[in-house]
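Visitor: So you can see what is in the structure, the chains are spelled out below.
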Amino acid sequence: MATTLHEPPQIDLNNLSGAGNGGSIGIPKDGLRATLDHSPPASSSAIWVALFAICMMFAAFTSALIVRKGSSMDWQSFALPSILYFNTFLLLVSSVTLEVARRRVNAFMRGARSEAERPALWLYVTLALGLVFVAGQYVAWTQLRAEGMYLATNPSSSFFYLLTAVHAVHVLGGLGGLIYVIYKLNNLTLRRNTLVATARYWHFMGALWVYLVLLLWFKL
Amino acid sequence: MSVPAAQHHAPPTGFIRKHVFSLDHKVIGKQYYGLALVAAYIGMGLSWLMRFHLAWNSTAIPGLQFLSASGAPGGVMTPEYYLQLMTMHGTIMVFFVLTTAPFAAFGNYFLPIQVGAEDMPFPHFNMMSFWVTFVAFLVLMSSFFVGDGPTLGGWTQYAPLNAIGSVGGPGQGMGVVLWATSIALFCVGQLLGALNFISTTLDLRVKGLSLMRLPLSAWSWFITSCIGLTAFAVLMPACILVILDHVAGTSFFVASGLVMNDQVLPHSGGSTLLWQHLFWFFGHPEVYIAIVPSMGIVSHILLANMRKPMLSQRVLIYSMGALAVLSYMVYGHHMFVSGMNPFSSLAFSFPTLVITIPSTIIVLIWTFSLYGSKLRINSASLFSLGFISMFVSGGVSGFFLAQPSIDIMLHATYFVVGHFHLVMGVAAMFGIFAGTYFWFPKMTGRMMNETLGRVHFWLSFVGAYCIFMPFHYLGMVGNIRRYSTFTDDFLQPLIPVHRFITIAAFVTGFAQLIFLYNLFHSRFWGKPAPDNPWEATSLEWSTATPPPFDNFGGKHPIVYHDPYQYGVKSSVGDYVMQTSPEQVETEFEEK
Amino acid sequence: MARFFAITIVVIAVLSAIPILRHTWVAPEDISTHGALIDEQMSETMAEAGISFLAAQFILAFFVWKFSNTAPDAKIKKFPGGAKGLVIGALLVVGVEVMALGIFGVKAWANVYLDAPSANAMPVQVQAGQFAFYFRYPGPDGKFGGLHPELINEGSQNIFGLDPEHDVDARDDIVAAEMAIPVNKEIHLLMHAKDVGHSFFVRELRVQQDFVPGLDVSLHFTATKIGKYEIVCTQLCGLGHYNMKAYLEVMSQEDFDKWLKQQAGQ
Chain F
1 MATTLHEPPQ
11 IDLNNLSGAG
21 NGGSIGIPKD
31 GLRATLDHSP
41 PASSSAIWVA
51 LFAICMMFAA
61 FTSALIVRKG
71 SSMDWQSFAL
81 PSILYFNTFL
91 LLVSSVTLEV
101 ARRRVNAFMR
111 GARSEAERPA
121 LWLYVTLALG
131 LVFVAGQYVA
141 WTQLRAEGMY
151 LATNPSSSFF
161 YLLTAVHAVH
171 VLGGLGGLIY
181 VIYKLNNLTL
191 RRNTLVATAR
201 YWHFMGALWV
211 YLVLLLWFKL
Chain V
1001 MSVPAAQHHA
1011 PPTGFIRKHV
1021 FSLDHKVIGK
1031 QYYGLALVAA
1041 YIGMGLSWLM
1051 RFHLAWNSTA
1061 IPGLQFLSAS
1071 GAPGGVMTPE
1081 YYLQLMTMHG
1091 TIMVFFVLTT
1101 APFAAFGNYF
1111 LPIQVGAEDM
1121 PFPHFNMMSF
1131 WVTFVAFLVL
1141 MSSFFVGDGP
1151 TLGGWTQYAP
1161 LNAIGSVGGP
1171 GQGMGVVLWA
1181 TSIALFCVGQ
1191 LLGALNFIST
1201 TLDLRVKGLS
1211 LMRLPLSAWS
1221 WFITSCIGLT
1231 AFAVLMPACI
1241 LVILDHVAGT
1251 SFFVASGLVM
1261 NDQVLPHSGG
1271 STLLWQHLFW
1281 FFGHPEVYIA
1291 IVPSMGIVSH
1301 ILLANMRKPM
1311 LSQRVLIYSM
1321 GALAVLSYMV
1331 YGHHMFVSGM
1341 NPFSSLAFSF
1351 PTLVITIPST
1361 IIVLIWTFSL
1371 YGSKLRINSA
1381 SLFSLGFISM
1391 FVSGGVSGFF
1401 LAQPSIDIML
1411 HATYFVVGHF
1421 HLVMGVAAMF
1431 GIFAGTYFWF
1441 PKMTGRMMNE
1451 TLGRVHFWLS
1461 FVGAYCIFMP
1471 FHYLGMVGNI
1481 RRYSTFTDDF
1491 LQPLIPVHRF
1501 ITIAAFVTGF
1511 AQLIFLYNLF
1521 HSRFWGKPAP
1531 DNPWEATSLE
1541 WSTATPPPFD
1551 NFGGKHPIVY
1561 HDPYQYGVKS
1571 SVGDYVMQTS
1581 PEQVETEFEE
1591 K
Chain B
2001 MARFFAITIV
2011 VIAVLSAIPI
2021 LRHTWVAPED
2031 ISTHGALIDE
2041 QMSETMAEAG
2051 ISFLAAQFIL
2061 AFFVWKFSNT
2071 APDAKIKKFP
2081 GGAKGLVIGA
2091 LLVVGVEVMA
2101 LGIFGVKAWA
2111 NVYLDAPSAN
2121 AMPVQVQAGQ
2131 FAFYFRYPGP
2141 DGKFGGLHPE
2151 LINEGSQNIF
2161 GLDPEHDVDA
2171 RDDIVAAEMA
2181 IPVNKEIHLL
2191 MHAKDVGHSF
2201 FVRELRVQQD
2211 FVPGLDVSLH
2221 FTATKIGKYE
2231 IVCTQLCGLG
2241 HYNMKAYLEV
2251 MSQEDFDKWL
2261 KQQAGQ
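Residue numbers (this note's numbering), protein chains in the order written: chain F, 1 to 220; chain V, 1001 to 1591; chain B, 2001 to 2266.
Extracted from the complex, chain F is given alone in its bound form (with noise of 0.2 Å):
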């Protein structure tokens, strides 16, 4: 696929942040980073749209666990497998590293030169924890199997497994925009907007998590 490359747009200095910039991290004193950028202007207001959705689909399933946990008699309590407060541990914690690393891009973003080596160390190390996290939440997965709780066992384990996998079917996805973080950032081609969109879908998904571990502790 071949792509026509322009002449590098003409970046008014004064006017960083106006209509059709893009909003792209601010440009240093020794040279232009982003002049080979073609994508579209960023958009703030769209993490936002996209966490809505992800809650109602949280709120649809929050209800169906409601109303089926009233409706009939079958209901079997059982103790959450242990490894998932670790679990939560980890997530919350990835969510501290990544906020290091978001000042820390940034700082590099700008110029400091301080932070040239490694500025996607602690993005690196965010990707591991949640890494870890998915693993984990796998390893929950078999304890509750050696229990004999499988996912059609009981509307309760059914509850379990649905939600914590479709929760980790996002993760993987945050996992996949944090890859694409660290590849815009190695190429210096990252926009503070993808940046902060990313660290928010990530949090999002760190605090979902504890509403589905409260939620699952008490209804289960």
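Each hint should be verified, as a subset may be incorrect.
[Claimed, not checked] Calculated lysine-lysine pairs in the DSS-like style (CA-CA distance at most 25 Å, straight line): (1) Lys-2078(B) <-> Lys-1569(V); (2) Lys-1018(V) <-> Lys-1569(V); (3) Lys-2066(B) <-> Lys-1569(V); (4) Lys-1569(V) <-> Lys-2143(B); (5) Lys-2185(B) <-> Lys-1569(V).
Source of the hints: derived by calculation from the structure; they are not laboratory data.
These numbers come from a predicted model, not from an experiment.
Start from chain F and add chains V and B according to the hints.
Guide: Relative to the frame of chain F, chains V and B by itself:
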């Protein structure tokens, strides 16, 4: 006037990138339109089969046995096949026509242009949105050809019939799984689309284009996306739950102790009404997703043809917004006699009655804006005026259905079928037709044939009334819906009415073939169209025909005016375009 | 063409109204004690909806007629009062209208659904299953036997899954394929779904209620006229849905007692 763009993207190259996996919202819009067109004619064909069977129940339909040997042995439709065709008719029409055409097709094509943007903020998601919807359509259509055919549970797929598997009837095994998979995919596609629409409207408007200066069509697409964001995000989980009930042995919807063929089903519990709550929480807002874009399109077209501004654009926008908000509070009116708490029924009936108020205000604004106008008659404006008439007719039957006590007599009768067909099957369709006649010149550079357009209109308008008005009478006298055959002393005397309706349906359907011919013939041999054949004011008319890949040829337009400055004196006539810096005198200016 | 459009709308509106005004297709006669309020709601709603329908279509037609084919130099005009008047008008007129309908309709609804059945209502159970209704009477002991789904066997005619061997109450239960009730006696209808969703609708009796698998719901009503009426299933339940019906026979008390004895003998 415009400013040079600070950055613009490269034009696409290669056939696949230009026409197949395109990131260009205009191509995606046309792809959605094409999908909707195919779906509409399939859905219409299904309705012809249904209507024929209802009118001439034991007569063979030649060739039907090749579509399904078991469903129509010797060409005579079985009761189960009737239900299967009916389910597919509803599903295809509601999802793949009424959500794709007015919203995804026209919205994708014109929303970015109307806000002055080069494209949507997430072109890859947008492309995925179409292709996921396309795959969803293929999955749904595949159910015709697998196992014992499509599901027969109606587009509403009530539990537990939707979850007990093939023991419930033909198509209730694989057919339901395919249905639910298709719809879940559809939800994903539309959520990706809604994301793009909302971000485009909020973040990509050019200089001078405040929210209040957006055309009404843009507003309607924006409001519809907000509704869709919430609605589709609830339907998808419901579909996931029913798929799990089929493939994973879970029991979300099937109560314990149910008996089929003298065998107790193994489920330990489940909630029948849970499905209805989840489905209708989506389902009622869905009908507003179907109608609001057409409201916006019709408003947009009427303004260009009335040559004067709307009585109050602001009130229209607020009313459409009120419809969106209220749509979430009324869904229980589909469940008045469902067995849910009767107090809930009363609770749902009040917002349902209240929702008539913004609907009435919208109709009044349209109608009374016609006062003092200089109405131009053409195919687009005829369909827009027809829309108003149809929306009124469909809307007033809502007065009855909103009241639980009356619903006792009208629930599950043809009265309901008449109501929703008038508003969705006719009014919303008229919006699609109006949009097509209006925007075809901009999308293709050619005019559609006006004579054929008028013939299309008259046959459709009169024909649709002949089909659907009698449905209300049938309902009032007690004709139950979703019956494949009328076997008894009570319903048999109504068969002549059904025959009249069937004949009207064939005639009206034929008119749609005229439209199809017009569409294709004009695409290649229509009269060349100027850039602004309607002397309209919004941004799409200020750019080339068809618009270049980045919509405005490398420039960002600047907006100086409200979207509907008609009835003024300017250098070009009785209107001034949004992008024209010319100052004109007007008494109708709104900030 | 605009004038033609206006005329067409008027003609269609009038033609649509004619069958209503002439009562060509009306609901079958009401044989219930609570139905009068429902029918009244229906008439009032019809009047209001009908007037709104005709008014809206006529005004649309009139404006299309009057404001098309205008001279090119004619001035556009704004409707006097602008949007404000219309909005206030809509809020007041439509608002009051729908609120009135809603409030007055509460009583009609409450009579059927919110009031409890009286203590001496006669209990009858109906079971809906693909694709037939069956009815059960408690018999002389006045008690229904328990339902055992695992015992349901259509072949041996154990429709309800009764266990007369071990369940004393079930021994005198009477099962029938049609529903007979005495006239002017309140009936408490207990509704049980055997398999999927169904619905119970008797047009003349002004009652319609869905069966909910897993949740037994009930209705109460009193029939005031002797005769034979259709009970139809109105919730899509499968391929036999169109044919799922039973008959309701309203009889005099003596005829009913005779009928019940006859059913018990079978």
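Visitor: Evaluate each hint against the coordinates.
Guide: Results for each hint:
no. : hint                        : result
1   : Lys-2078(B) <-> Lys-1569(V) : holds (17 Å)
2   : Lys-1018(V) <-> Lys-1569(V) : violated (42 Å)
3   : Lys-2066(B) <-> Lys-1569(V) : holds (23 Å)
4   : Lys-1569(V) <-> Lys-2143(B) : violated (86 Å)
5   : Lys-2185(B) <-> Lys-1569(V) : violated (77 Å)
In this structure, the earlier hints numbered 2, 4 and 5 are contradicted, and the remaining ones agree with it.
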